[in-house]
Each structure stands twice: as structure tokens, then as C-alpha cells.
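Trainee: Listed below are the residues making up each chain.
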Amino acid sequence: MTASSAPGQRRSVRRPLVVVAGNPNTGKTTLFNRLTGSDQKVANYPGVTVERHTAMLELATGGVAEVLDVPGAYSLSARSREEELAIQTIAGLAPFQIPDLVVVVADATQLSRNLYMTLQVLELGVPVVLAVNMADMLEARGEILDLGAMRRELGIPVVSTSALRGRGLDELRAEIEATLVSPGRARPGWRWAPQDPELEKDLRTIADAMPAEWERGDPARARALAVWSLLSLEEGDELDAIPDAVRDVVASVRERAAQAGRQVDLEVIRGRYGWIDARMAAFVKRRDAPAEGSVARKSLTDRVDGVLLHPVVGFAIFLLVMGVVFQSLFSWADPAIRSIEGLFGWLGSASRAWIPDGIVEEFVDGGLIAGVGSVVVFLPQILLLFLFIGFMEDSGYMARVAFLMDRIMRAMGLHGRAFVPMLSGYACAVPAILATRTMERQRDRTLTMMVIPLMTCSARLPVYTLIIGTLFPPSKVFGVVPVQGLLMIAMYVFSTLTALVAAMVLSRTLFKGPPVPLILELPPYRMPHVPSVLRMMWLRTRSFLESAGTVILACTIVLWALLSFPRDTGQTGRFDADRARVEASAAPAAERAEKIAEIDRAEDSERLRASYGGRLGHAIEPAIEPLGFDWKIGVGLIGAFAAREVFVSTMGVVYGAGSESDEKSSTLREKIRAETRADGRPVYTPLVGLSLMIFFALACQCMSTLAAVRRETKSWRWPAFLFVYMSVLAWIASFAVYQGGRWLGMS
Amino acid sequence: MRPLRDLSPGQCARLAQIGGDRPFRRRLMEMGFLPGTVVRLVRRVDVADLLELEVRGSHISLRRSEAGALFLEPEG
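Residue numbers (my numbering), protein chains in the order written: chain A, 211 to 957; chain B, 3 to 78.
Excised from the complex, chain A in its bound form (with noise of 0.2 Å):
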């Protein structure tokens, strides 16, 4: 701090670092919107997908601090990379730099286990403010906190608050900013000492062999994180940022101490709480009898979840909720879909109006806004979805989700909140990826985010209602089930089987381990904070635009490319002499219009079978042709590539009906019906159909899925595998369908 004196040095002096730490379901992260301004921002922590978020403090004194919220945890100790995090970012070990300061929220309803992960804090040296949340709850129950008693005992600073109305917020700042002018005020240092004198050895042994990059020359902090090593370490933990000297004399002592009879964890956990449990009647005071109303209030949590979490009423309670937010994600959000592709087809038309004829033209309408208007298609269903998520957050109602999927999720091998991000993969992939970030795990997130894409998407829709409707009879099944509603239904089985058999298979093969007991906190019901509901649903939403949108942007112009290069296809001269042979005929204006519309089609779909992609189409046909396609359906199959639904209009180019040619076009329809091979036996037969709506339930035909797969996963390492498995379970099923079909006598 004094190295601000010299006037000229101000601008080198770094912005004091804030972080902000907690058990979950705290009001933390309300708390932290509260204290902060709207310059927040949404990261990734390095090597890992778990979300830094970060945001400027105004200091009274003129200057910004940064603030850093750490995901909620019970207790610093690690087992996971994701659990590491919390250490490194509270000691400050590298790459991360000593905090100036930690706020530690507190639940006051919980404050014995928030207590001990605040003890942890403090004995790692770094200065504390404890800002005890939700004293108000506390108080209803005829129980008041002694603050007085809290800063005395613990050493620290301790402010009352309400994240929730805003109250104690000045305070809390005064306190921070205090703090942050002299540190020493809340720096304390230890406030138990192991009671067993083999423990205190075991710590000084582990102290001894601290790095110095750890240690830091703080013995304190050399003694803090000996505990934690001690704790944390063991054969198999996933921890990647631990010095091996550490982890040896932490593996010795361990097995000394077990060799001894002794349980290390509970010697020092104990210790920790020990402290505690002495000091909670001076911290808690009961105040007089409990208050009117208020004993009813303490049990409405439980009297709510005994309809919530009920086998049979709960159940139904659940799915109604799912089947609103599938509707939403279904059918409210198509208005606004909707919108923004009316939207984009104006640009479209308008760039096409603006700019002259010619290659610049067809790359601004074809490739840029088509690029990205199918980013921002996505965004209705995403800002949805995450709206729903944050409000099944904030309200506890997600744990009572993942309490009822548990059993029926564990049998597949997900996680109980698999559930969610799974039902939102029948609206769209791209949403539902995102939504696996409510799991801790990297492997529950992986593997949920492995099978999302084999459920029916949206996208898929025109595709088989192009398919159904062309091939299939409208008849009926014993003279009342239509047959077309029927396949359209057998899809959807056929689909969520797919997936749930997938999750069976991956989580006993490449993602095989030891099954993980569940502990899951049923937290108290809270009315949700809109405010940072909606910041969050914002922050999350931008943070998909700016990665997975520019990748979506790019596949888009190349695929564009793919299917409009070379430009010359050496038959112009012929179209443009047809062209004007119709010009200069005697036929009336609008029939020598329709005419020309004709001719320009077929040049399109000339065109298209000359390019790079239909000649890509060609060179897969040998591949695809034991399913029953042929080198347009390739073509078609290339295009769906850059989302599912552009098959029916490369269809619709490919077959001349032109490229505005949607599912219902009966040109479209007609042509199809009427296209034979070269020994005039019909292309597309009911069995092609099947063969080829199979192979759209599988394949993994859409690379704003595998965008968003490498988003989450950080590696290209997960969309290869999803693209490699999707697309060769797709090829043997469809060739299943189809050869099976033929032996049996269908054509």
C-alpha cells in the first residue's frame, strides 16, 4: 500500500483482490451482485469448465477492487480439480495470486458448518470478513446472533446481512474497505490447536516439506496448508497442482498414523468443530419464546417437500413442471425463432436487393447472415432454458429434482440433475449442453453432454415430416391410428431408448469408476432474486455467443463454400442461352417469367451437383449406398451438417424445386416421389425413408452441438469422439434398417 505514495506509481499498483467465499445456498452469489457493479464478468478458471465469475468494487477511497466469487463449497478440502480451485484461489497458490481480502458469507440458519469452512480461511493467514447472511430467518425463530461475541472469539469483522432486501450491504464495504487499508484487524491466524500431540508432529513433518512457492516464508501459512494437504491428499485424488514431496510425506504420515489406530481426518475435523460447538450458545442466543407464526414458518420447508419430494404426488408435481418447460423450449419459444429467421431471411433478401449480382452477394446473404443468424436462432431457447435453471436454482427446487431422478438416473449411470439438460435435448442440443453445467462433476457433465445429441431435436422435425409425408400413406392403423403420427411418435421412443441405452453403455465402459455416494442438501425453499436470476441467465447466454457462436459462424461460411465453389460449372453458357432463347420468344410476360424461374433452378441445381460438396456427395455414395441414398441424399446429408433442418432445402435445390422449398412443399414432394435410379426403380421407397429417418436420429448431424461440446469440455477431444460414435452407430443402424429390410422382401 505505501508503494502508492510516489504519486507516479499509482497506475502500477495493482487493483486489491477481493474474493468471495462460501458454503452453497447461502445467498453468496446475491450477495456478490449486490456489492458489485454490472461489469461482470463470466470466465472459465484455466483447464477447467467451471465459471470465474469476476466484478469491479468501487472503493470509497477512489480506487477498484476486483471481486472474484468462487463457486460454493462445503469445506476447501479437494478431492477433484474443481474442488481444487477453491484452495488455490483462497491461498493464492499459482497461478493465482494471495487475495487481499476474503469475504466468507455465512448461512446465520447453518452457522456451525459455515463456521468451519470460515476457520479453514482463517488459519491459511489471509484477512477475513465474515458477512453472516440471513439473520432475518434466524430471528424469526426467536433466536438472535451476539455479532459482538462472533468478532471477539473469531478475531475478525463480522456484519449481519440480507442479500436478499439489500440490508448490512454498507456495512459489509465499510468492513472491506477497512480491511483492505490494514489487513491486520482481520488476520487472527489459528483459532484451535490440535488436541493430540501426534497430530501437531504429523503437521509440523508436512509443514517441513512445504515449497517455498507455497510456503511463502509464513510458517502459519506452511502449518495451514499442511492441514489441508493432509486432509485432501490420497491415492487417486484428481488434484494436478501438487508438489510431489508434498504428496509423499502426506502419503508417510498417513499410513504411520494408520498404523497406529488413529483417524487423522477426524482429529483435525473434530478439532475445528470442537471450537465451534464450545462457542454456539455465546454465538446464538435465544431471544424470547419463538415468535408468532414462526415455529409453522421453520417447518414449511418440510411440510412443502412433503408433496414435493412424495413418490407418487411429487412425481406427477415434477413432470408437470418438466412438460412446461418442454413446452416453452417447444413451442412458446417458436414465435421468437420464428422471428429471427423472418428476420434474417429479410437481411437476406435486402443484402440481395442492395449488392450487385455476384460472389460478394450470395457470401453475405448465404454464408455471413446465414452464419449468424443460426447463432442467434439459438437464443430464445437459451435464454429460456437458463431462465428456468436459475430459477429451479435459486428456489431449491433443483435438489428436490435431482433427489426424485436419483434412482432412475443412477440405473443409467447419470447424475440425478442429468435429468434436466437431457429433457431440454428434445427442444435443442445447444441449450441442453449448456444446462450439464448445474452437475460438479466433469465426467456427469461429459457424459450427459455424450448422449444429449441422440434425443429427437427439434431440428429434426421437418426432416421427418418431409420424410413421412412423402412416403407414407396417409392410412390407418386398424382404422384409427394414422400411421404418420404413429412413426413420428416411434421416433421419439426410439430416440430417448437410444439415449438412455447409450448413458447404460458409456457410463460402464469409457466412463467407468467407482460409483459416487450421493449427499445432497435439500435446502430451505427461497423466493428467488430476480435480479441476479435474470444477470445470470444474461452472463450465461453471452458467454455461449462469444465461443461456441464464432465456431457456429465459421462452419457456416465454410459449408456455404463447400456447396457454392467452383463457381464455374462450365455450363453457364448453356442456361444463359436457354435463358435467352425464352426472353426473346413470343410467350405472354408471365409465362416466359416462370420459364426463366425454371431454367434458373436447374442452373442452381447443376450448379450445386458441380460443386465441391456435391462432388463430396459422389465421393461418399459408395458409402452411403448400402443404407439405399444416393449421391443427392449425400448432398442433403452434407448440407444438414450445418444444422438438420438445411436438408430439405439442399433437397430442394438439389431437386430443382427451388431453396425456399420447405417440409410441406408439395413440389418438393412430387419430385422426390418421381426420382429412379438409372434402372427406373423409384430412389425413395418407405424402406429408404426409414433407413434415412434412423440415420437422422442418430447421426450426430450438427456442428453447433460439437461447438458447444468443445466449449464445455475445452478439448476437441469429446465432439470427435461424439461426432466419430453418433455417425458410425448411425451408418450400422441404417444399414440394419435397411438390408434387413430388403432380405425381408421390402424394396
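One thing to keep in mind: the hints can contain errors.
[Claimed, not checked] Computed far set for chain A versus chain B, every beta-carbon distance over 12 Å: (1) A318; (2) D512; (3) F601; (4) T648; (5) F721; (6) P724; (7) P733; (8) R789; (9) A812; (10) E813.
[Stated by the list, open to error] Covered stretches of chain B, as calculated for chain A (at least 3 residues, CB under 8 Å): (11) 5-19; (12) 26-32; (13) 44-58.
No wet-lab data here; the hints were simulated from the structure. Even glycine gets a Cβ: it sits at the ideal position worked out from N, Cα and C.
Given chain A's structure and the hints, the job is docking chain B onto it.
Mentor: The following block gives chain B in isolation, referenced to the frame of chain A:
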């Protein structure tokens, strides 16, 4: 010692022993499940194979099978 699983809904008892794998045991102890801590069984949902416990003012849910590693002090 009697197993925690035998508690009936609404009943309280003191924990005597916390077993299971080390990560499971450590996590429970850090959440305040220690020998001598009072637990209350809030509810049992058998079809879901889950128990809901109240410990130190928090409601924690465990699978019935995994809660088999937790034991209580004898009554009285």
C-alpha cells in the same frame, strides 16, 4: 450400536460412528456429521432409496444403502 437406517421418521439420535469410503466419510464429517452429533430422520422415501436427515440445521439426503455405514449411539 444401531444402524442409522433403523431410525424412524421424526426420531432423533446421536451419531456414534461414520464409516464408508474416505471421501464420503470426510465430506460427511466436514458437513458436521461427527460422533456425538444429533441427527433427526426427516423422511424416508423407499421407492427413491433415499433418506433425508437433519444435522446442525441443514437437511441432507443420503442413499439408504450408503447410509448403512453410519451408526448411532445406543438409546437412553
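Trainee: For each hint, tell me whether it holds in the structure or not.
Mentor: How the hints compare with the structure:
1. Some Cβ of chain B comes within 12 Å of the Cβ of A318(A); the nearest lies about 10 Å off, and the non-interface call is violated.
2. Here D512(A) does not stay apart from chain B, with its beta-carbon only about 7 Å from theirs, under the 12 Å limit.
3. Its beta-carbon lying about 20 Å from the closest one in chain B, F601(A) satisfies the requirement of being farther than 12 Å from that chain.
4. No Cβ of chain B comes within 12 Å of the Cβ of T648(A); the nearest lies about 17 Å off, and the non-interface call holds.
5. Consistency note on F721(A): stated as away from chain B, and its beta-carbon is indeed over 12 Å from all of that chain's, at 18 Å minimum.
6. Annotated as non-interface, P724(A) brings its C-beta within 12 Å of a C-beta of chain B; the closest such distance is 8 Å.
7. Not every CB of chain B lies more than 12 Å from the CB of P733(A), the least distance being 7 Å, so the non-interface label is violated.
8. Every C-beta of chain B lies more than 12 Å from that of R789(A), the closest at about 70 Å, which supports listing it as non-interface.
9. Residue placement check: A812(A) keeps its beta carbon more than 12 Å from all beta carbons of chain B (closest about 63 Å).
10. Interface exclusion of E813(A) from chain B stands, the closest Cβ pair being 63 Å apart, more than 12 Å.
11. For the stretch 5-19 of chain B, the proposed coverage by chain A is not satisfied: 0 residues have a C-beta within less than 8 Å of a C-beta in that chain, short of the threshold of three.
12. Look at the stretch 26-32 of chain B against chain A: 7 of its residues bring a Cβ nearer than 8 Å to a Cβ of that chain, three or more, so the hint holds.
13. As drawn, the stretch 44-58 of chain B meets chain A at 10 residues by the rule of a beta-carbon pair under 8 Å; at three or more, the given contact holds.
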